[in-house]
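Participant: Chains as they are written, first to last, in our numbering: chain A, 2 to 337; chain B, 258 to 615.
Misleading hints may appear alongside valid ones.
[What the hints assert, rightly or not] Here are the in silico distance ranges between beta carbons for each label pair:
#, chain 1, residue 1, chain 2, residue 2, range
1, B, Q430, A, F3, 39 to 49 Å
2, B, R422, A, A161, 51 to 61 Å
3, A, F3, B, R339, 50 to 60 Å
4, B, D478, A, L329, 42 to 52 Å
5, A, S149, B, K402, 35 to 45 Å
6, B, Q430, A, I15, 27 to 37 Å
7, A, A318, B, R474, 51 to 61 Å
8, B, R422, A, F3, 32 to 42 Å
9, A, L329, B, G294, 23 to 33 Å
10, A, M2, B, V463, 45 to 55 Å
11, A, I150, B, G294, 20 to 30 Å
12, B, E349, A, M268, 50 to 60 Å
Bear in mind the hints are in silico, worked out from the structure with no lab data behind them. Note that CB positions come from ideal geometry on N, CA and C, so glycine has one too.
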Amino acid sequence: MFAYIIRRIFAAVILLLVVSAVTFAIFFLLPRFAGETADQLAAQYIGKNPSPEAIAAVKQNLGLDQPLYAQYWNFLKGLVSGAEYKFGPEPATCHVPCFGYSFKNHLEVWPELSKRIPITVSLAAGAAVLWLVSGVATGVVSALKPRSIFDRISMGVALAGVSLPVFFTGALLLTLFSYEWPILDNLQYVDFTDNPLMWARNLILPWISLAFLYSALYARLTRAGMLETMSEDYIRTARAKGLVERKVVTRHGLRAALTPIVTIFGMDLGLLLGGALITEQVFSLQGVGQFAVQAISDNDLPKILGVTLLAAFFIVACNLVVDLLYALVDPRVRLS
Amino acid sequence: MTELQKTTAAAAPGSAPSSDPFLSVRDLRIHFDTDDGLVRSVDGVSFDLHKGRTLGIVGESGSGKSVTSLGIMGLHRSKRARISGEIRLDGEDLITAGPDRVRQLRGRQMAMIFQDPLTAMHPYYTVGQQIVEAYRVHHPEANKKQARTRAIEMLDRVGIPQPDRRVDDYPHQFSGGMRQRAMIAMALVNDPSLLIADEPTTALDVTVQAQILDLIRDLQDEFGSAVIIITHDLGVVAELADDILVMYGGKCVERGPAETLFDAPEHPYTWGLLGSMPRLDRELQDRLVPVKGTPPSLINVPTGCAFHPRCPYAALTDGRSTGELPVLAEAAPGHFAACHLPADERHRIFAEEIAPRL
Ligand SMILES: Nc1ncnc2c1ncn2[C@@H]1O[C@H](COP(=O)(O)OP(=O)(O)OP(=O)(O)O)[C@@H](O)[C@H]1O
Ligand code: SF4
Ligand SMILES: [Mg+2]
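Next comes chain A alone, as it looks inside the complex (with noise of 0.2 Å):
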């Protein structure tokens, strides 16, 4: 197990290490590749109508006038040293970890970026849970009680429910109980440390818009492993035991059920982060996904890579915990 743990951590880190090289590869050596000189790339850094000393300064501080690997090594450095950046009156400096410095805004990108973390995270951890726990408890209703009027009216919701984009439930609902019926009205976000209740109310929309699609999905996922489990030979076994039916049901036949439930989750989680921005967008929640697609129409290429790096790590270590999840509820992986 131990073992296990070790080669996949110090895979992730090799998966890592090979993301961020080709983000900033596609950052930095598509633009030349279609013809930029170092110039118009560092233009871009600036903003609209920029000062040829301007551009000599970006030039030299990102180093564009070095070849790429350096270029890489130094960005790598920054993450875990700090950069400086001589720019403007005073020295600029990017801290520990520098995602990157907005020539645009003159601001580091880390702390505007880490600050939306939470917002984020919120979102989408609420809404994983949400979605989780709803979608597994459906689906294993529904398998117990095969063609049950159950079954019949969740797995028909779960149908339409798979077929609704984010957009459109989370218009629906914001229309629904914010205008229409204004229960939930003037959402904005509340941090959890300052009040978990406002911060609950007020993300109860996003997450149910966010989690409804998963949870469609999950509810049938769930009930087609039920029931292929609960016909194995080993719930036989368990009921010959004289096991009651509930921890038949729990022990044996949906320990083994989600398993593959628990790999598709961490996909899904590392994936949320698309759903999480449309969602944002409908919320108007100030989250990563607004900053990214705040930076996009900025064209702010520092903010765009450190955004894009941010996303990349959640992926890698989403799958990282899956893979140790994985072990956890298998043990033929953990032991093979």
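Keeping the supplied structure of chain A fixed, place chain B with the ligands upon it in accordance with the hints.
Facilitator: Chain B with the ligands in isolation, oriented as in the chain A frame:
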């Protein structure tokens, strides 16, 4: 059918001890309501089994052996299963008892070993955890440590080497034979009075088969429980069983003490089974002669004797084989067979045509 015949058909094999049987099954019928029609998987089976004795239930695939045993264990949960008759375990009728009562008996008074020990054990729990679970269901007072000690003791008892270490292994880390031993340990952990082994050796290779059968016999000697061994291979029960029940198409066609059943089988289907029994003293090509034809449909069961489409002697009964259901009749003390052929005719055919080829 006359009253007299009915009573005879329901009587227990005569050679059994005279005390009340531990398990008594009367006219058990288990039918399934399916989209294709009513499946008569078990259709009027009766037998008695005393503690310390072994009953072998033999028959081809689909003859209703597993359905019978699962019925005794109360494991037919589907609403489509229709069960009637009587299953008395130590005097208590399991068919009329509530499901929770049967659950309490399951694993405690009666336990079961299944055919494929790999799929019958949960892949995500250690062998020890699964035995501990089986123990603690019926011994809620036992703490984890006591239960674990008990699990190790049972693994040791069924011949698993280094049981205190192997107890923490997962089923996939065990070999097939060891897995079946572990299943047996799990079934016996609560000292059940009735053990049902449904084809316990089919998934194992030959040498391991013999070891497992030996183990079951030893354990029975030790614990004095009643044992049912289900198999489609008469060879498996030849040495092990005291009584044998031959099933065909959901019905019992012959039942009796093992010695007489092997030496003087009464039913043409049993002759066929004996002919298909692997024997070490024969050339390979002579050995496996399965009964010709295919097992009967359990939805449209053949009229009269269900075996008549495959029976070479059906023509010798003046049409009764195709039109009239033969009932179990006592051919020798404690030995019953359901066949329209007159007894002396059967004995003649067996002596002249069958015995020389066995
Ligand atoms: N739940 C069920 N619903 C409908 N039919 C069933 C059900 N369970 C068993 N049967 C049918 O009952 C018949 C007897 O099955 P059973 O499993 O008892 O055979 P068997 O004698 O154990 O054969 P095998 O040697 O292959 O294990 C089969 O034809 C099977 O299709
Ligand atoms: S009753 Fe007829 S068909 Fe059935 S076994 Fe006897 S002879 Fe064969
Ligand atoms: Mg069977």
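Participant: Does each hint fit the structure? Answer for all of them.
Facilitator: Now for the hints, and whether the structure bears them out:
1. For Q430 of chain B and F3 of chain A, the Cβ-Cβ distance of about 18 Å falls outside the hinted range of 39 to 49 Å, so the restraint is violated.
2. A hinted range of 51 to 61 Å holds for the C-beta pair R422 of chain B and A161 of chain A, which are about 54 Å apart.
3. Evaluation of the 50 to 60 Å hint for F3 of chain A and R339 of chain B yields a pass: the beta carbon distance comes to about 55 Å.
4. For D478 of chain B and L329 of chain A, the Cβ-Cβ distance of about 43 Å falls inside the hinted range of 42 to 52 Å, so the restraint holds.
5. For S149 of chain A paired with K402 of chain B, a C-beta distance near 43 Å keeps the hint of 35 to 45 Å intact.
6. For the hinted restraint 27 to 37 Å between Q430 of chain B and I15 of chain A, the CB-CB distance of approximately 31 Å keeps it satisfied.
7. Here the CB-CB span from A318 of chain A to R474 of chain B is close to 57 Å, well matched to the stated 51 to 61 Å.
8. At roughly 19 Å, the beta-carbon separation of R422 of chain B and F3 of chain A lies outside the given 32 to 42 Å, and the hint is violated.
9. The hinted window of 23 to 33 Å between L329 of chain A and G294 of chain B is violated, with their beta carbons roughly 47 Å apart.
10. Under the hint 45 to 55 Å, the C-beta atoms of M2 of chain A and V463 of chain B, about 37 Å apart, miss the expected range.
11. Take I150 of chain A and G294 of chain B: their Cβ atoms lie about 27 Å apart, and the range 20 to 30 Å holds.
12. Evaluation of the 50 to 60 Å hint for E349 of chain B and M268 of chain A yields a pass: the beta carbon distance comes to about 53 Å.
The structure shown violates the earlier hints numbered 1, 8, 9, 10.
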